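Take a look at the letters that make up each chain.
There are 2 protein chains.
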Amino acid sequence: MNVTVRGTTRHYRTVSFDERKNEVLLIEQRLLPHHFQIVRIPDYRETARAITDMIVRGAGAIGATAAFGFAQGARAFRGRGRSQFEKHLDRVFKTLADARPTAVDPVNAMLALRARMTAGASVEEAQSIAMSGAHAFADEDVAHCEAIGHHGEKLIPEGARVLTHCNAGWLAFVDHGSATAPIYAAQSAGRSFHVFCDETRPRSQGASLTAWELAQQGISHDVIADNAAGHLMQRGEIDLVIVGSDRTLGRSGEVANKIGTYTKAVLAKRHKIPFYVAIPESTIDWTLTNGLDIPIEERHADEVLGAWGVTSKGKREHVRVANPTSGARNPGFDVTPPELITGIITPAGIYKPRDLWRKRRDLGWKA
Amino acid sequence: MNVTVRGTTRHYRTVSFDERKNEVLLIEQRLLPHHFQIVRIPDYRETARAITDMIVRGAGAIGATAAFGFAQGARAFRGRGRSQFEKHLDRVFKTLADARPTAVDPVNAMLALRARMTAGASVEEAQSIAMSGAHAFADEDVAHCEAIGHHGEKLIPEGARVLTHCNAGWLAFVDHGSATAPIYAAQSAGRSFHVFCDETRPRSQGASLTAWELAQQGISHDVIADNAAGHLMQRGEIDLVIVGSDRTLGRSGEVANKIGTYTKAVLAKRHKIPFYVAIPESTIDWTLTNGLDIPIEERHADEVLGAWGVTSKGKREHVRVANPTSGARNPGFDVTPPELITGIITPAGIYKPRDLWRKRRDLGWKA
Chain A
2 MNVTVRGTTR HYRTVSFDER KNEVLLIEQR LLPHHFQIVR IPDYRETARA
52 ITDMIVRGAG AIGATAAFGF AQGARAFRGR GRSQFEKHLD RVFKTLADAR
102 PTAVDPVNAM LALRARMTAG ASVEEAQSIA MSGAHAFADE DVAHCEAIGH
152 HGEKLIPEGA RVLTHCNAGW LAFVDHGSAT APIYAAQSAG RSFHVFCDET
202 RPRSQGASLT AWELAQQGIS HDVIADNAAG HLMQRGEIDL VIVGSDRTLG
252 RSGEVANKIG TYTKAVLAKR HKIPFYVAIP ESTIDWTLTN GLDIPIEERH
302 ADEVLGAWGV TSKGKREHVR VANPTSGARN PGFDVTPPEL ITGIITPAGI
352 YKPRDLWRKR RDLGWKA
Chain D
2 MNVTVRGTTR HYRTVSFDER KNEVLLIEQR LLPHHFQIVR IPDYRETARA
52 ITDMIVRGAG AIGATAAFGF AQGARAFRGR GRSQFEKHLD RVFKTLADAR
102 PTAVDPVNAM LALRARMTAG ASVEEAQSIA MSGAHAFADE DVAHCEAIGH
152 HGEKLIPEGA RVLTHCNAGW LAFVDHGSAT APIYAAQSAG RSFHVFCDET
202 RPRSQGASLT AWELAQQGIS HDVIADNAAG HLMQRGEIDL VIVGSDRTLG
252 RSGEVANKIG TYTKAVLAKR HKIPFYVAIP ESTIDWTLTN GLDIPIEERH
302 ADEVLGAWGV TSKGKREHVR VANPTSGARN PGFDVTPPEL ITGIITPAGI
352 YKPRDLWRKR RDLGWKA
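So the protein sequences, as listed, match chains A and D. So the mapping is simple: the working numbering equals the position in the first sequence, first residue as 1, plus 1. So the mapping is simple: the working numbering equals the position in the second sequence, first residue as 1, plus 1.
Just chain A, same shape as in the assembly (with noise of 0.2 Å):
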């Protein structure tokens, strides 16, 4: 999407490459929203470096990021022959998976990326498919997301008050994002509306990376506490929910997202406000059969304890906000149960979450 530095507007992706200087580039996004910067990456370890260290999170960025670090690290291979060149691409994935080893994303994209590289005659040929093969991911990432926003855009009418929570912005993706799609059709689509953006403590991710995201696009959005949007609710000033979310189960239509969307869900269905949810199909889960299954990951009670940010001479500093002798808990994620979800906004369209699994020929089920 648009980003304007020093008064400068220009087009940006998430992860792009370079192929004369076989670099990844990257937004940095640990420095949003304050400051926005583009690392050129020039060797795959340190591809694999950015994912551990959150330079990029998202699971639709951190897969094309590990696809152009996969062709890149293919592309560096300076030996002989292809034994050397197969045994060479195995260090190169096992370091690319081994970055982020909860993530499903890198290791999809670069089992993809290799399968399609057993076609290539010579080494040479299969770079030259490594390359155009991470650059068709992320073009495909790209198309998701558009189709996303296309089916999306119709339930965001001129004036709309929306709700969302977290970032599944295209900070999140190579571009667009999932749950913003609809939001940046809509106002491709020549509409103006207002968005409120979740604050989504611990982390903090709407008020700083979504909230970015909308001030670069020019979209009228407003920063929230988590605990107001009850009360906007009541006196009638939000009109729908757009999320996205983590993992999806096609059998149940239960949504696993960022912690605090399932008490956004219950609100929603409460005021009888549409609560849509945005995602590739890449996030489907087709084996799990129920959300109790899903497991919830526990996060460090620092991030509750304290909060991240800018202080005013312009220091990045985490502070301590809470009793210093207390603990806290700091479950990452929860789930939202079907009933609760008004639809599914797909690349294929627009599912009641119970549809999934009879649409799942069309939602890329695999038998």
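No lab work stands behind these hints: they were computed from the structure. Be a bit skeptical, because a hint or two may be false.
Identical chains share a label here; the pair holds if one copy fits it or two copies do between them.
In silico DSSO-like pairs for lysine-lysine, Cα to Cα no more than 30 Å straight-line [stated by the list, open to error]: (1) Lys22 x Lys155; (2) Lys95 x Lys353; (3) Lys95 x Lys360; (4) Lys353 x Lys273; (5) Lys273 x Lys95; (6) Lys22 x Lys95; (7) Lys22 x Lys314.
Keep in mind that this is a model prediction, so the values were computed, not measured.
With the hints as your guide, set chain D onto chain A.
Below, chain D without anything else, positioned relative to chain A:
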């Protein structure tokens, strides 16, 4: 309640008075939870400033502070004759009433004191009545909170997991608190249980003040992000919710309290978890008939866009968390309807919210 300073545990009230030195003693609440300090205030004008500057906050606590400040001012009279004394009292009254113009407790406390003082035949006698009246006011606040604890402690059985929101603790009153009174009483009854403290963004009174109180009393507790309670309820980890209230409508049973209270009540209803509101009778509004008529203060956006805390070097700082070019909405309170409330715990007993009006004669209503 008890506070341990450098290994020594002592009982403190939020507000007390040194008659010999004519000084108001306050806990410096702006330094909590990081430092515990008692400030001694030698002059009623400085007592008024302490209210304005929020050294002391909370309805009961500022009521008692104004009562002591009024007695302090009355006792400092150095002029001659009753009419000069009454003029002096007018100045003292106005100074203390203007300290926090929207609060009703300071004015009510001082009006009651001044009415009593008319019985004094001399200036000295009136001064003496002011002093004993201020003590009586503070003691009555304590007795009310103790009575709330007496009625409410039965709701907390051994092993219970209690959720509370914001700080309706002893720091907001003279002692015991409202929402915390049943918790402290259940501890005194020898029971063990666990309390979840909602962080309560944007001002984080749950993470800072309530967590500090519970830690000082040695009560098992965890701070949670405001986003987490829904998930914990879904997993069966919360048995009971107790909150305070800034204003409860005696005619409709609606409860105005810190932003986010309504959300917790909606979640509790969905999960069939009892939701209680603990209040002294002074916060019942017998006039309004509709919660929509309760003014909801819109507070400064900076509260939502950042956080106050202490850096690793021990310095108190406000950090900007949100995107620097974004704004915020910041409603300070919300209104919970009676159908979401299991009971109102008052000094006179526990009532269904819709029964308050029928029971108004037991609850201090004056025709």
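Identical-chain pair category, Lys22 with Lys95, by Cα at 30 Å: For Lys22 and Lys95, the Cα distance is within 30 Å only inside one copy (23 Å; across copies 74 Å).
Lys273 and Lys95: within-copy, between-copy, both or neither at 30 Å Cα: neither (48 Å within a copy, 48 Å between copies)
Within, between, both or neither: Lys95, Lys360 at alpha-carbon 30 Å: For Lys95 and Lys360, neither the intra-copy (35 Å) nor the inter-copy (71 Å) Cα distance is at most 30 Å.
Homo-oligomer pair classification [Lys353, Lys95; C-alpha up to 30 Å]: neither (38 Å within a copy, 62 Å between copies)
Up to 30 Å CA-CA - Lys273 versus Lys353, copy category: Answer is both: 16 Å inside a copy and 27 Å across each meet the 30 Å cutoff.
30 Å Cα threshold - placement of Lys155 relative to Lys22: neither (42 Å within a copy, 72 Å between copies)
Status of Lys314 relative to Lys22 across identical chains (alpha carbons, at most 30 Å): neither (37 Å within a copy, 43 Å between copies)
In this structure, the hints that do not hold are numbers 1, 2, 3, 5, 7, in rising order.
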